[in-house]
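Chemist: Residues per chain are reported as follows:
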Amino acid sequence: MFDALFGRLTWDDLKPLELLHSQSINTLVGAGAALAAVIAAIAVVVLLTVTRRWTWLFKEWLTSVDHKKIGIMYIVLGFVMMARGIFEGVAMRTHQATAYQGGVLSAEHWAELFSTHGTIMIFFVAMPFITGFMNYLIPLQIGARDMAFPVLNLISLALTATGAALLMISLVIGKFETGGWTAYPPFTGADFDPGPGPDYWVWAIVISGFGSMFSGLNFAVTIYKMRAPGMKYLRMPVFTWTALCTSILLVFALPPLTIAGLMQALDRYLDFHFFTNDLGGNMMNYANLFWMFGHPEVYILILPAYGIFSELTTTFAAKPLYGYTSLVIATMSIAVVSFCVWLHHFFTMGQSPSINAAFGIATAVIAIPTGVKVYVWMATLWGGRIRFTTPMVYMVGFFILFTIGGFSGIILANPAINWQVHNTQFIVAHFHNVLLPGLIFGIFAGIHIWFPKAFGFRLHETAGKITACLWIVGFCMTFLPLYVVGLLGYPRRSAAYDDPAFIPYMIVTMLGAFVLLSAFVGLIATLWISIRKRDELAVPLGDPWDGRTLEWATPSPPPHWNFAVIPHISSRDAFVREKSEGKPYVLPEEYVDIHMPSNTWAGIVVLVTTTALGFALTWWIWWLAILSFVVLFLWFAADSFREHRGEIIPASTVRTAHQAWIEAVELSEPITRDDEDTPANRGYAKTDIVIAS
Amino acid sequence: MSEQGTNPHPGMNLGYDGGEKAAEVTIFGFWTFLMSDLVTFGLVFAVFGTMTGATAGGPGPEEVTDLRSIAIQTALLLGSSFAFSWASLSMKYHGGRLHMLGFLALAATSALGFLIFELIDLLHLVEIGAVPQRSGYLSALWALVCLHGLHVAGGLLWMGGMTLQILLFGLTDQIKSRVTRMGLYWHFLDIVWVGIFSMVYLAGVA
Numbered sequence: 001m002f003d004a005l006f007g008r009l010t011w012d013d014l015k016p017l018e019l020l021h022s023q024s025i026n027t028l029v030g031a032g033a034a035l036a037a038v039i040a041a042i043a044v045v046v047l048l049t050v051t052r053r054w055t056w057l058f059k060e061w062l063t064s065v066d067h068k069k070i071g072i073m074y075i076v077l078g079f080v081m082m083a084r085g086i087f088e089g090v091a092m093r094t095h096q097a098t099a100y101q102g103g104v105l106s107a108e109h110w111a112e113l114f115s116t117h118g119t120i121m122i123f124f125v126a127m128p129f130i131t132g133f134m135n136y137l138i139p140l141q142i143g144a145r146d147m148a149f150p151v152l153n154l155i156s157l158a159l160t161a162t163g164a165a166l167l168m169i170s171l172v173i174g175k176f177e178t179g180g181w182t183a184y185p186p187f188t189g190a191d192f193d194p195g196p197g198p199d200y201w202v203w204a205i206v207i208s209g210f211g212s213m214f215s216g217l218n219f220a221v222t223i224y225k226m227r228a229p230g231m232k233y234l235r236m237p238v239f240t241w242t243a244l245c246t247s248i249l250l251v252f253a254l255p256p257l258t259i260a261g262l263m264q265a266l267d268r269y270l271d272f273h274f275f276t277n278d279l280g281g282n283m284m285n286y287a288n289l290f291w292m293f294g295h296p297e298v299y300i301l302i303l304p305a306y307g308i309f310s311e312l313t314t315t316f317a318a319k320p321l322y323g324y325t326s327l328v329i330a331t332m333s334i335a336v337v338s339f340c341v342w343l344h345h346f347f348t349m350g351q352s353p354s355i356n357a358a359f360g361i362a363t364a365v366i367a368i369p370t371g372v373k374v375y376v377w378m379a380t381l382w383g384g385r386i387r388f389t390t391p392m393v394y395m396v397g398f399f400i401l402f403t404i405g406g407f408s409g410i411i412l413a414n415p416a417i418n419w420q421v422h423n424t425q426f427i428v429a430h431f432h433n434v435l436l437p438g439l440i441f442g443i444f445a446g447i448h449i450w451f452p453k454a455f456g457f458r459l460h461e462t463a464g465k466i467t468a469c470l471w472i473v474g475f476c477m478t479f480l481p482l483y484v485v486g487l488l489g490y491p492r493r494s495a496a497y498d499d500p501a502f503i504p505y506m507i508v509t510m511l512g513a514f515v516l517l518s519a520f521v522g523l524i525a526t527l528w529i530s531i532r533k534r535d536e537l538a539v540p541l542g543d544p545w546d547g548r549t550l551e552w553a554t555p556s557p558p559p560h561w562n563f564a565v566i567p568h569i570s571s572r573d574a575f576v577r578e579k580s581e582g583k584p585y586v587l588p589e590e591y592v593d594i595h596m597p598s599n600t601w602a603g604i605v606v607l608v609t610t611t612a613l614g615f616a617l618t619w620w621i622w623w624l625a626i627l628s629f630v631v632l633f634l635w636f637a638a639d640s641f642r643e644h645r646g647e648i649i650p651a652s653t654v655r656t657a658h659q660a661w662i663e664a665v666e667l668s669e670p671i672t673r674d675d676e677d678t679p680a681n682r683g684y685a686k687t688d689i690v691i692a693s
Numbered sequence: 001m002s003e004q005g006t007n008p009h010p011g012m013n014l015g016y017d018g019g020e021k022a023a024e025v026t027i028f029g030f031w032t033f034l035m036s037d038l039v040t041f042g043l044v045f046a047v048f049g050t051m052t053g054a055t056a057g058g059p060g061p062e063e064v065t066d067l068r069s070i071a072i073q074t075a076l077l078l079g080s081s082f083a084f085s086w087a088s089l090s091m092k093y094h095g096g097r098l099h100m101l102g103f104l105a106l107a108a109t110s111a112l113g114f115l116i117f118e119l120i121d122l123l124h125l126v127e128i129g130a131v132p133q134r135s136g137y138l139s140a141l142w143a144l145v146c147l148h149g150l151h152v153a154g155g156l157l158w159m160g161g162m163t164l165q166i167l168l169f170g171l172t173d174q175i176k177s178r179v180t181r182m183g184l185y186w187h188f189l190d191i192v193w194v195g196i197f198s199m200v201y202l203a204g205v206a
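Chains P and L are the protein sequences, given in the same order. UniProt numbering puts the first residue of the first sequence at 1, with every later residue one more than the last. UniProt numbering puts the first residue of the second sequence at 1, with every later residue one more than the last.
Treat the hints with care, since some could be wrong.
Claimed, not checked - In silico PhoX-like cross-links for lysine-lysine, where the CA-CA straight-line distance does not exceed 20 Å:
| no. | chain 1 | residue 1 | chain 2 | residue 2 |
| --- | --- | --- | --- | --- |
| 1 | P | Lys533 | P | Lys465 |
| 2 | P | Lys225 | L | Lys21 |
| 3 | L | Lys21 | P | Lys232 |
| 4 | L | Lys92 | L | Lys21 |
| 5 | P | Lys319 | P | Lys686 |
| 6 | P | Lys583 | P | Lys686 |
Honestly, the hints are just simulated from the structure, not real lab data. Just so it is clear, the structure is predicted and the values come from calculations on it, not from any experiment.
Using the sequences and the hints, build the whole thing.
Modeler: Printed below as a string of structure tokens:
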């Protein structure tokens, strides 16, 4: 009876209760984190109740299908998960500093930490960040009012949030798996780990994987079919190009992950033999499937960051992008070649030398388009009138550090060298070196650029610059020493080491981790200071950086419908052309009613049912699994019988809002780029950019 | 402006009020989904391909293949697809909703027959001990066949829902777009079956 109701869940699985049995540092860290998560969740609930924000939360956010709000929710989700990921990083580096013949944490706890850290940072920090940016920017940049499938967009968010929720639940109830973010069977198979750790991993990854696939589909269709009249492919902003390539990668690269996860589930739950040691199972299938996803995933993450850096250089150098077409071709090449390199993640796992050589060459080849990009950005900055804003600080860090990371990647592309350093801290240094200065710096630079678009006020420059420097210094201290200890032979993922030569490096690394933690606090401080000073930082007119693309031709924040009238595009950098020809901010001859999709509970339904489903499957609570699946199915079946009229925004409302904005622009003084970080910047740029032809 | 020139989906008869524009986006989206689903099937095929020898001393292709039953299943599923194309044509030429539903019912019955024969086959496999727990080969076989079978079963549920909607709302633009997507899905499953039929069963006993 009890088993039928709660599956294999028992009181002992509640992690905060461990504190009653043992007060060692190891339990304090684990149970303390669980307790902190519970307290934080309760605090949010209390705060929402006290400030009476529940209705607002549901009406304005959780049921909204506005791509801008969904994008912001993705980024908020990313930051919440990042807080946990960073604390885990600090815990791990502290452990390593003490890991000479021991360490403060148990080996089991350590393994759990590097598994959750990797899973969270890739799937629930990096992915939500880039998906959030693509959500926010794609329709605005291509002159559309929303995504092709707004409700599916909300469902994707819900599925991603479900994965994140399962990760957070695993912190409090039961434990996570210990096989790293790649979760290789048979180590994560039922024989070696009956659960629930690998089950949490499987369902978090499979469910959120569907969300990512749907996001990719949605973005690709939006870019292919919803562009404003005249926006040919080679007139699209570069960020949109990178988003398109990422979307294509998402559509094709997520199925291998889903398949690998589901086969792993069949092995674990129904005793199949896909990846087991006995009866014909073959774990190499898992390694291949996982990395057929895993390597494109690297480019899924980095391409939008490249897009952000491209927009950044051209905006803050006040110059057209040098080599637009090369950049587009480079992006597409990366997208294609990224499917031909997956094997370099396991050169040592028994293929013939010729296969290794082929994948090694492909891996080295993919560096060429990436190199093209770096030269494109340099040439764009060359001779430009550069303003050294916060995004430029990140750009400088990116330029130098990412290039180092790229070079270490080329070193690793050589199978003979790879054989020597595989599975050492050298690898850890390499992928942090491309993901942190590449992806994360791009995201933070992007937040500084587009935050004023989304919220109507700029982020504080000085605070932003200090934070950016902290990220750069923190990164160098934490990860560059790992190259050295890697070459000295320190295996990654090992809970302890025997060579005292590592100790000084690991102490520097630990200090670096604390600098990174302070950089994260710096982000929060920047936000706090900016909110306090939001009046003097306000840029309601919408164009604080003398922007080039269509999103800057809207007020900040943009109205629900984005554009009062759909713009007609005649060239690249559409908004700059309007400004240089002296005719931005014109009133259209007539306004028409705008049809927008209405709010829906689909997201909440998906979030609740799939979280229940994942939790129930993890803990073998079969009745709940069936119930949640049936509810999910019936809700959508019933919903397909309802007519979705959407809502009509009357032309008069659009006219009032649009005219008020144009009037405000006309009443204010345009400011030059030199004054853009002063309170005089209200978002009306005085451009001196001249466009030839 | 001529209908042929600008209407990408003339088979749906959506008229001139701009309905095709919305339908085009939805149907293109569904094509994208099918591409992704095809990758999924392709990967399961690939895994099956690597595991054909992994019988671990258990039943192999000869024991699990009953070509007579497979031939009947193939005929039923291809017949179902054929019937569906008549339903689409009926929709295109305004055959009336009962006319169209007749063909849809034929398609559904035929597919149901396919599923029943498949189920009988699978039960037979259980009888002779060719369960997926026996070997890697059988795991891959069951996963591939059942993934396709579940797709067909899902399609049947979809057909049931659509029948209800056609009866309730008639052939509105929305419904026509859904039927068109269902057709794409249905023919897609046929193509996948041709792969299973030839790569799993025919190649298995060849």
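Chemist: Evaluate each hint against the coordinates.
Modeler: So, going through the hints one by one against the coordinates:
1. Proposed proximity of lysine 533 of chain P and lysine 465 of chain P is supported: the alpha carbons are some 17 Å apart, at most 20 Å.
2. Simply put, lysine 225 of chain P and lysine 21 of chain L have alpha-carbon atoms about 9 Å apart, close enough for the 20 Å limit, and the pair holds.
3. Taken as a hint, the lysine 21 of chain L and lysine 232 of chain P pair is honoured in the structure, with Cα atoms around 18 Å apart against an allowance of 20 Å.
4. Between the alpha carbons of lysine 92 of chain L and lysine 21 of chain L the distance comes to roughly 18 Å, so the proposed pair stays at or under 20 Å and holds.
5. With a C-alpha separation of about 15 Å, the suggested pair lysine 319 of chain P and lysine 686 of chain P falls inside the 20 Å cut-off, and the hint holds.
6. For a cut-off of 20 Å, the pair hint linking lysine 583 of chain P to lysine 686 of chain P stands: about 12 Å separates their Cα positions.
The structure shown violates none of the earlier numbered hints.
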